[in-house]
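*Asks:* The residues making up each chain are set out below.
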Amino acid sequence: MKMKRGWVVAVAIALLAPIAAEGQSWKTVTMSRQLENSDAVEVSVEYGAGRFIVRSIDEDLLYRMNLRYDEDKYEPVADFTGDRLRLGVESHRGGMNIRGREAGELELELARGVPMDLELKFGAVQAEIDLGGLALTKLELSTGASESLVDISEPNPLQMSKATFEAGAAEFAVHGLGNLNAEHITVDAGIGSITLGLEGRWQRDAELDIQMGLGSLELLIPEGLGIRLRKDSFLASLNSEGLIKRGDVYESPDFAEAEHRVVIDLDAAFGSIEVIWVR
Amino acid sequence: MHMSLLLRKALLLLGLTALITPSGVEAQLREIIAKNVGASSSGATLELAFADDGELAISLDDGDVLVDGEVVGSFESGDELDAAWRTLLGQAMALENGALAEALVSWQPPEDGSTQTLDASQAVDEALESALRNVEPQSERPEGSLTISGGDENPLMHLLVNSMGRLGVLEEALEGLEETFQIHVDEDVVIEEGSVVDGTVVVIGGSLRVEGGIEGDVVVVDGTLDVRNDGYIEGEARVAEARVVRNNGEIRGGIVDVLEDERADESEMRNRLRDEIREEIRRDLRNEIRSVARFDDDESFSIMSPIRPVVRGVGGVVEKLIMVFILGLIGAGFLAFAGENMDAIADTARRSPGRAAMVGFAGTFLLVPVWLLGALALIVSIVGIPVALAWVPLFPLAAVMAAVLGYITVARNAGEWLADSNVPWTGWIRKSNPVFTLVGGLLGLSAAFVAANLISIAPFLNILSGLLFAAGVIITIAAAQIGFGAVLLTRAGRRREHYGTYDADAAWAEAMGIDVGEGSGKGSKNEG
Numbered sequence: 000m001k002m003k004r005g006w007v008v009a010v011a012i013a014l015l016a017p018i019a020a021e022g023q024s025w026k027t028v029t030m031s032r033q034l035e036n037s038d039a040v041e042v043s044v045e046y047g048a049g050r051f052i053v054r055s056i057d058e059d060l061l062y063r064m065n066l067r068y069d070e071d072k073y074e075p076v077a078d079f080t081g082d083r084l085r086l087g088v089e090s091h092r093g094g095m096n097i098r099g100r101e102a103g104e105l106e107l108e109l110a111r112g113v114p115m116d117l118e119l120k121f122g123a124v125q126a127e128i129d130l131g132g133l134a135l136t137k138l139e140l141s142t143g144a145s146e147s148l149v150d151i152s153e154p155n156p157l158q159m160s161k162a163t164f165e166a167g168a169a170e171f172a173v174h175g176l177g178n179l180n181a182e183h184i185t186v187d188a189g190i191g192s193i194t195l196g197l198e199g200r201w202q203r204d205a206e207l208d209i210q211m212g213l214g215s216l217e218l219l220i221p222e223g224l225g226i227r228l229r230k231d232s233f234l235a236s237l238n239s240e241g242l243i244k245r246g247d248v249y250e251s252p253d254f255a256e257a258e259h260r261v262v263i264d265l266d267a268a269f270g271s272i273e274v275i276w277v278r
Numbered sequence: 000m001h002m003s004l005l006l007r008k009a010l011l012l013l014g015l016t017a018l019i020t021p022s023g024v025e026a027q028l029r030e031i032i033a034k035n036v037g038a039s040s041s042g043a044t045l046e047l048a049f050a051d052d053g054e055l056a057i058s059l060d061d062g063d064v065l066v067d068g069e070v071v072g073s074f075e076s077g078d079e080l081d082a083a084w085r086t087l088l089g090q091a092m093a094l095e096n097g098a099l100a101e102a103l104v105s106w107q108p109p110e111d112g113s114t115q116t117l118d119a120s121q122a123v124d125e126a127l128e129s130a131l132r133n134v135e136p137q138s139e140r141p142e143g144s145l146t147i148s149g150g151d152e153n154p155l156m157h158l159l160v161n162s163m164g165r166l167g168v169l170e171e172a173l174e175g176l177e178e179t180f181q182i183h184v185d186e187d188v189v190i191e192e193g194s195v196v197d198g199t200v201v202v203i204g205g206s207l208r209v210e211g212g213i214e215g216d217v218v219v220v221d222g223t224l225d226v227r228n229d230g231y232i233e234g235e236a237r238v239a240e241a242r243v244v245r246n247n248g249e250i251r252g253g254i255v256d257v258l259e260d261e262r263a264d265e266s267e268m269r270n271r272l273r274d275e276i277r278e279e280i281r282r283d284l285r286n287e288i289r290s291v292a293r294f295d296d297d298e299s300f301s302i303m304s305p306i307r308p309v310v311r312g313v314g315g316v317v318e319k320l321i322m323v324f325i326l327g328l329i330g331a332g333f334l335a336f337a338g339e340n341m342d343a344i345a346d347t348a349r350r351s352p353g354r355a356a357m358v359g360f361a362g363t364f365l366l367v368p369v370w371l372l373g374a375l376a377l378i379v380s381i382v383g384i385p386v387a388l389a390w391v392p393l394f395p396l397a398a399v400m401a402a403v404l405g406y407i408t409v410a411r412n413a414g415e416w417l418a419d420s421n422v423p424w425t426g427w428i429r430k431s432n433p434v435f436t437l438v439g440g441l442l443g444l445s446a447a448f449v450a451a452n453l454i455s456i457a458p459f460l461n462i463l464s465g466l467l468f469a470a471g472v473i474i475t476i477a478a479a480q481i482g483f484g485a486v487l488l489t490r491a492g493r494r495r496e497h498y499g500t501y502d503a504d505a506a507w508a509e510a511m512g513i514d515v516g517e518g519s520g521k522g523s524k525n526e527g
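As given, the protein sequences belong to chains A and B, one line each in that order. Position 249, counted from 1, in the first sequence is what numbering that gives the first Met the number 0 calls 248; the numbers after and before it change by one each time, with no gaps. Position 308, counted from 1, in the second sequence is what numbering that gives the first Met the number 0 calls 307; the numbers after and before it change by one each time, with no gaps.
Hints are computed from structural coordinates only; laboratory data are not their basis. Glycine residues also receive a C-beta, built at the ideal position from the N, C-alpha and C atoms. Just so you know, not all the hints are guaranteed correct.
Computed spacing ranges between beta-carbons, pair by pair [what the hints assert, rightly or not]:
hint, chain 1, residue 1, chain 2, residue 2, range
1, A, PHE269, B, MET357, 52 to 60 Å
2, A, LYS161, B, MET357, 46 to 54 Å
3, A, ASP57, B, ASP67, 46 to 54 Å
4, A, ASP82, B, ASP67, 23 to 31 Å
5, B, ILE381, A, ASP71, 26 to 34 Å
6, A, ASP82, B, ASP274, 47 to 55 Å
7, A, ASP82, B, GLU318, 43 to 51 Å
When you get a sec, could you build the whole thing from the sequences and use the hints?
*Replies:* This is the structure:
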């Protein structure tokens with residue numbers, strides 16, 4: 000709600016632009032598309048630099064996108080062809096926007112309940128992504144040097160075979176991985192601080208592959224979830240408080256009895272790994 | 000049977016009535032499927048896509064008012080139209096589909112302002128109205144009567160089943176007509192001499208012969224209108240796919256061809272198609288000619304076959320000469336602006352060609368790793384990301400420039416060597432003119448390629464031509480590597496590897512043609 004008000008203010012400023020912003024080339028755009036049916040959609044979003052917000056929308060819209068960008072250099076992309084929806088901003092010469100002294104903003108709302116393969120690619124952005132309420136059949140999230148907070152605040156009503164998170168040099172946090180309803184989750188992180196929250200409603204057993212280069216990793220594990228952790232590291236310390244080492248693996252005490260189990264394969268080069276239990 | 004006919008006629012009546020019903024009924028708004036509202040300091044844009052595939056784009060941009068890309072007026076930043084439009088778009092941002100359509104249709108254009116502002120406002124308002132309403136708003140029409148008569152059952156059924164096409168035409172033909180209608184479907188009608196009909200006479204799929212008078216309009220679709228002696232039509236004769244025969248009769252309101260616009264569109268489309276086909280044929284021909292000139296892989300016999308080797312060989316020579324010309328120009332630039340640097344590089348390439356070549360090869364192999372690792376290191380440092388943005392494109396550019404500079408410098412050395420040599424056709428190369436030596440050297444380094452191309456013209460000498468071509472490649476790589484290495488060793492000519500010193504004994508010996516002892520003519524190495 001607060002965000003929506005912010006956009007109204009931004010648009011109001013843009014609409015008053017002849018008076019207030021002579022000489023600047025910022026453009027504010029609102030784009031939307033009605034929801035025609037509930038057929039599955041492949042959604043691809045690319046955004047270079049700035050603030051990036053994604054969440055679900057309750058209205059009868061497939062998407063609504065609010066953008067603020069420098070129109071001299073970039074142009075918005077909103078292309079819906081067949082079952083493919085491509086959104087974002089690209090430079091006039093093509094490719095993603097990776098410049099960013101004064102960056103823009105993209106706020107995207109996607110339809111709840113519409114089955115979608117979602118691909119999010121963003122660069123040097125400050126991202127707030129809430130995938131709660133979206134009906135995801137596939138997720139690919141890729142980010143460069145960003146500060147990203149991903150929250151799956153509500154359970155995904157559809158089963159997802161695979162979810163992939165790739166983070167370059169980032170401060171990257173994902174919460175509510177249990178709500179993804181995914182069988183296989185892959186996290187590939189380069190450098191930075193990574194937080195993976197396994198909270199949420201697990202509906203099946205799952206595998207979580209984590210590959211990390213250099214940095215710190217925090218694993219937030221809810222009590223009651225069965226965890227088996229296999230670690231293959233070079234110079235990475237592990238604080239495995241609450242896990243019991245059995246042979247080559249670390250397991251939660253109730254792993255055998257747990258309703259749902261998550262097997263974590265961790266491949267880390269340098270850094271620290273910490274297991275934190277949450278209620 | 001009779002009941003069936005009545006039923007069918009009733010159905011037809013229903014269809015036709017829908018067309019000519021006075022528009023007391025509220026016009027329906029089109030469904031908006033997608034919207035794009037944008038605003039910046041220079042203008043504000045509204046783009047709509049409708050569920051029935053139509054689109055509308057209205058923008059106030061840089062002083063122009065555009066509707067679907069066409070300029071319909073002008074505005075000034077901050078004037079009444081600009082302000083009203085931006086206010087409307089402010090609302091449009093938060094609205095969707097039905098509510099959005101209603102807001103757009105009910106927009107009140109500004110009533111104050113200059114004539115140009117008012118005209119442009121009117122144009123925008125009309126564009127919104129016409130795009131958003133399914134049915135054009137029409138003025139209230141007085142109650143009228145409707146009479147339908149038709150031929151036998153089959154033509155009526157035919158019309159009903161195929162009504163879509165004709166109804167569309169009818170809709171255009173009946174637009175704006177008032178009063179009473181007489182509709183005749185698939186039957187011939189005669190207005191006899193002495194009789195006068197009030198209202199509009201519509202004939203579909205039949206002929207209308209007017210010997211008397213019609214105090215109204217006439218619509219003929221897919222038929223014939225024949226106005227005989229003393230016959231007259233007071234209003235317009237609207238025809239669609241119909242023939243008009245005027246045998247001394249009068250059509251006082253004139254003849255309107257309802258499909259004229261469509262025909263014009265068709266004609267335009269035909270012309271465009273013709274132009275596109277013509278252009279396509281031309282393009283195919285051009286490509287064909289090009290492929291013949293390039294002698295693409297198609298070696299089949301054609302009229303050009305006998306002269307292919309000649310064109311290919313001469314083309315190759317011309318290509319090399321153009322390359323020499325371009326490199327000569329670049330070299331002249333280096334000579335003018337970085338002559339001393341070239342001297343230092345040339346000196347190193349001349350005195351230590353082996354070392355320069357080794358450094359050149361090593362540098363070449365290390366280029367990509369250095370580029371990638373440099374970029375990675377800068378990105379990893381986060382603060383170095385802006386530098387990385389410059390590093391990624393500029394490093395390869397600098398490497399290419401270094402290679403070109405090195406090659407040109409080696410070419411100049413080669414030119415100097417040719418000037419001192421007794422090689423035929425090199426007498427024109429003068430060491431006193433660095434441009435001559437440079438061009439001479441470039442030609443010298445390209446000589447193997449030129450010879451390969453010329454020899455390829457002759458039959459049965461492909462092997463020799465191939466060997467010469469290979470020699471050219473080796474010479475070029477060697478020159479480029481020596482030059483690149485020399486550039487690296489001398490830091491692009493800023494740090495000399497060798498310094499020549501004035502040797503008085505050597506100068507004396509050279510001037511007098513005698514030997515005065517050791518050390519003459521040798522420069523001493525000095526690490527700078």
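*Asks:* Each hint should be assessed against the structure and marked as holding or not.
*Replies:* Do the hints match the structure? See the list:
1. A:PHE269 with B:MET357: 52 to 60 Å: Violated, at about 37 Å.
2. A:LYS161 with B:MET357: 46 to 54 Å: With Cβ atoms ~50 Å apart, the hint holds.
3. A:ASP57 with B:ASP67: 46 to 54 Å: violated, 33 Å
4. A:ASP82 with B:ASP67: 23 to 31 Å: holds, 28 Å
5. B:ILE381 with A:ASP71: 26 to 34 Å: With Cβ atoms ~27 Å apart, the hint holds.
6. A:ASP82 with B:ASP274: 47 to 55 Å: With Cβ atoms ~36 Å apart, the hint is violated.
7. A:ASP82 with B:GLU318: 43 to 51 Å: Holds - the Cβ-Cβ distance for A:ASP82 and B:GLU318, about 49 Å, lies within 43 to 51 Å.
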